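A.B. asks: Chain by chain, the residues:
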Amino acid sequence: MPELGVILKLLFLVLVVMGALLPVITWVERKQSAVMQDRIGANRADILGIRLIGLLHPLADVLKLFGKEDVVPLGANRWMHLVAPVIALVPGIITLAVVPFAGVYDFGGGPISMVAADLDWGMLYVFAVGSIATYGTVIAGWSSNSNWGLLGSLRGSAQMISYEVTMGLSLVGLFMCFNSLKLQEIAQAQDATFRVFGFLEAFGWVHALPRWLSFVKLPMWGIVLQPLGFILFLTCIMAENKRPPFDVPEGESEIVAGYHMEYSGMRFGLFYTAEFLEIPVIAMIVTTLFLGGWTIPWFSTQKIIGALNGTIGVGAATGLCLILHVLSFFLKVIVMIWLQMQIRWTLPRFRYDQVMDLCWKIMLPLSLANVFVTGIVILGIERLYR
Amino acid sequence: MLAQFAGVVAILVLAFVVAAGMLIAHRLLGPSRVFDEKQEPFECGERQIVSPHQRFSVKFYVVAILFIIFDVEAVFLYPWGALFRDLGLFGLVEMASFVAVLVVGFVYVWKKGALEW
Numbered sequence: 001m002p003e004l005g006v007i008l009k010l011l012f013l014v015l016v017v018m019g020a021l022l023p024v025i026t027w028v029e030r031k032q033s034a035v036m037q038d039r040i041g042a043n044r045a046d047i048l049g050i051r052l053i054g055l056l057h058p059l060a061d062v063l064k065l066f067g068k069e070d071v072v073p074l075g076a077n078r079w080m081h082l083v084a085p086v087i088a089l090v091p092g093i094i095t096l097a098v099v100p101f102a103g104v105y106d107f108g109g110g111p112i113s114m115v116a117a118d119l120d121w122g123m124l125y126v127f128a129v130g131s132i133a134t135y136g137t138v139i140a141g142w143s144s145n146s147n148w149g150l151l152g153s154l155r156g157s158a159q160m161i162s163y164e165v166t167m168g169l170s171l172v173g174l175f176m177c178f179n180s181l182k183l184q185e186i187a188q189a190q191d192a193t194f195r196v197f198g199f200l201e202a203f204g205w206v207h208a209l210p211r212w213l214s215f216v217k218l219p220m221w222g223i224v225l226q227p228l229g230f231i232l233f234l235t236c237i238m239a240e241n242k243r244p245p246f247d248v249p250e251g252e253s254e255i256v257a258g259y260h261m262e263y264s265g266m267r268f269g270l271f272y273t274a275e276f277l278e279i280p281v282i283a284m285i286v287t288t289l290f291l292g293g294w295t296i297p298w299f300s301t302q303k304i305i306g307a308l309n310g311t312i313g314v315g316a317a318t319g320l321c322l323i324l325h326v327l328s329f330f331l332k333v334i335v336m337i338w339l340q341m342q343i344r345w346t347l348p349r350f351r352y353d354q355v356m357d358l359c360w361k362i363m364l365p366l367s368l369a370n371v372f373v374t375g376i377v378i379l380g381i382e383r384l385y386r
Numbered sequence: 001m002l003a004q005f006a007g008v009v010a011i012l013v014l015a016f017v018v019a020a021g022m023l024i025a026h027r028l029l030g031p032s033r034v035f036d037e038k039q040e041p042f043e044c045g046e047r048q049i050v051s052p053h054q055r056f057s058v059k060f061y062v063v064a065i066l067f068i069i070f071d072v073e074a075v076f077l078y079p080w081g082a083l084f085r086d087l088g089l090f091g092l093v094e095m096a097s098f099v100a101v102l103v104v105g106f107v108y109v110w111k112k113g114a115l116e117w
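Heads up: the protein sequence lines correspond to chains Y and R, in order.
Using the working numbering, read the first sequence as starting at 1 and increasing by one per residue.
Using the working numbering, read the second sequence as starting at 1 and increasing by one per residue.
It should be emphasised that the hints constitute simulated quantities derived from the structure, not laboratory data.
Just so you know, these numbers come straight off a predicted model, no measurement behind them.
A few of these clues could be false.
To be verified - DSS-like, lysine-lysine: derived pairs with alpha carbons at most 27 Å apart: (1) R:K111 / Y:K361; (2) R:K112 / R:K59; (3) Y:K64 / R:K38; (4) R:K59 / R:K111; (5) Y:K303 / Y:K217; (6) R:K38 / Y:K361; (7) R:K38 / Y:K68; (8) R:K59 / Y:K361.
Same shape as in the complex, but just chain R (with noise of 0.2 Å):
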């Protein structure tokens, strides 16, 4: 069983060798002239007067939040889906009932504008 996870660890390893490589390289090979004006944050050639650490639109929370409710309706259905044929139409019927309440849910959100962008 753990021998199975040999080569999980093996590229692990291997890419995260590779990305702390070119890093390395990088900051040997390359040059370091630094002061401030250059490492201000780009904004079209102004200063920086908005901070970006603020608040911003409530959408981005309401698709987190479904996408929370719906993958965790999709990792449901994985091992559902690779045992289908020894629950044969007792699973279905079982899985439907499931689905058939989120999509409720979805209905109900798309009624109420979530999806609107």
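Looking at chain Y on its own, in the form it has when it is part of the complex (with noise of 0.2 Å):
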């Protein structure tokens, strides 16, 4: 029954990054500032006396926010007051749908593809679902009847549509790469390996070189195809979630708290738990995109089922597979969630010019660029090898 598999790999995935990451996040994001500043950091709430380093904040924020009064300010547009932090949550939560945490196995009943919706052409899906949330900014900003929070999501709005044609242009370089928008076969394409000096037989120039250095070998990761697409990419979709050192919608000094400013209780807790939802997903896409999603380096899912199907049987052996290429999965998705955390914490904010000078003076030059020079180079590649 294939829609039971769909709901439950969706299920795996959303608790997973509801249930345990989404929390952690939160504290890790105090208690890492607390870290780097010399601070103690969240430590204060307890059950009975037990505080667990801090642990228990994150129950004690929502407790919090379900305690607080729900206030629409006058003249506001309810209804419209209402759906935006809606708008601004549900993207998060449906971009899930197309990463895969695992890769595509065979355990007798055909292939398995561990992704609960396998799209033909999941990175557009990803886009478009990005851009909605643009919406839950300008509408938040426009329904409160503030001038704080409508100057708020101006500058909200104006930053993220802005990144998002960089962000798409940054990533055609690695479609070039793959061939594919199809985020399982991204991945799957990135379980290989490559001969960093290969190219130098097809000169001619085999002897020219120590013997060993034909062995090395790197994985064909996107961040190796296309390690100016990478930073690109991540610099973009950091600046889509808004947080410093991008947060040039809020400003304590100018504008208060931006587009959100009017609203609080869970309703702020949607907006609250939408920015912190996203660290995981921006770390999925690019895990996905450029670490090599769930594969291992250096050891392909043949490598791996053929080494141990000798002893263990192949059922066994690629369910062990299965679990190994998830942790592998979720071990890369923890360390881009450390960087972006780190990153969050080492930058000063940048002020709006220059933030909006970045993305259409630099960045969107460079990705065009970027495209091009893959293109010469696939080019270049392929007639070498003719």
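Two independent chains are provided; combine them into the complex using the hints.
C.D. replies: Here is the structure:
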């Protein structure tokens, strides 16, 4: 029954992200900043005296948000005011549907792809869904009848749509390398290695270098094939999330809390959840596209199953491989979450004109150049090996 | 083909249930003491004098127009990128000529100062 499989895969991913990663990230945000700024950090929330190094703070947050009053400002568009936080949260959750958290396995009943919705145009889905979040920002600021809210939402929406252009263009080079828009196919293509100095043989320079160099292999990850694309994409997608250093829609000294300043209680909680939910979602997308997704570097799926099935049988070997891939995927996701936290607490925030200049004047030309340099290199390599 | 969308529909329902559930639970659990002074939009302790629903800087419209142009360009590039190996040199030259036209427009916009803040 395929529908049951789809629902199981969805529940697994949503529960891991919303039930485990999301609360821990709100704790990491406080604790990591505390460590970096030489403070103690969150450690006061307790149940019967048990503090668990501050891990109960997410629970205290939720209880507090539920206990707050739901204030709708005078003159606000009540319906839009209610819808905006929902529109902000939903895109983050539904992006999870296309994320492959493990590969394609055959347990005897045909191949099973470990992704809830294996869309052929998965990346288009990610872009399409991601751009809906802009509406949440615009509607929130416009509907709450507040000058600061409107200014915040104008800034936020201009920033988000600007970075969306560059985010799309920075990935074209990657699509050219892997010939696909399907996330599972992109991840599978990275389940391989290539010889770094293999191109020398095409020139007939086999003996020009020490022999061991021809055995140097790198995993065929997006970050190796598209290093500039990785930097551009990570910057853009972090700017889409509007967290520091790109937090120009907010600003305590100028426009107070920006577009969500007239929100209280759980309506604010939804914006807060959306912001923190996008951190693991960004980590998953970046991992799938650039860090090999679920693959284990230098050990392809066939290699692992081939090495194990002699001792424990094909079925158990495939199952073990599946578990290893899931662990590998979440290990990379956690590394990417850590990196985002590190960037957030290391860099000072940009001024608004700097944010827009970075996007339109630096990153847009660079991402266009990246597309054509990638094209010329791919054509050159194909010419070389013909 | 349509079976691909089962997961999308399922997660869409799940996402709306999560969001609506949080809002409904909040409505049931939270207090509600409504009076006019509290409901006023925040204005640093003053009464709101200027309505937010008025004209704002044209720069935001310019950015939105530029976004449309360049995002359509990006959408053209995705299928081209995915089929690049089949198209080969022909595809690269075709896309270069298409992007060259846009780059002329981009340089014009830049020189006109539409990207200055």
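A.B. asks: Would the hint linking K38 of chain R and K68 of chain Y be met if the CA-CA limit is 27 Å?
C.D. replies: Given that 27 Å is the threshold and the Cα spacing comes to 14 Å, the pair holds.
A.B. asks: Within 27 Å, alpha carbon to alpha carbon, are K64 of chain Y and K38 of chain R?
C.D. replies: Measuring from Cα to Cα gives roughly 20 Å; hence the hint holds.
A.B. asks: Between K59 of chain R and K111 of chain R, does the CA-CA distance stay at or below 27 Å?
C.D. replies: holds (15 Å)
A.B. asks: Decide if the proposed pair is consistent with the structure: K111 of chain R and K361 of chain Y, CA atoms, cutoff 27 Å inclusive.
C.D. replies: holds (11 Å)
A.B. asks: Are the Cα atoms of K112 of chain R and K59 of chain R separated by 27 Å or less?
C.D. replies: holds (13 Å)
A.B. asks: Mind checking the alpha carbons of K303 of chain Y and K217 of chain Y for me, to see if they're no more than 27 Å apart?
C.D. replies: holds (15 Å)
A.B. asks: CA of K38 of chain R to CA of K361 of chain Y, is that 27 Å or under?
C.D. replies: violated (44 Å)
A.B. asks: Given the proposed pairing of K59 of chain R with K361 of chain Y, does the C-alpha separation stay at or below 27 Å?
C.D. replies: holds (16 Å)
Violation of the numbered hints given earlier is confined to hint 6; every other hint is satisfied by the structure.
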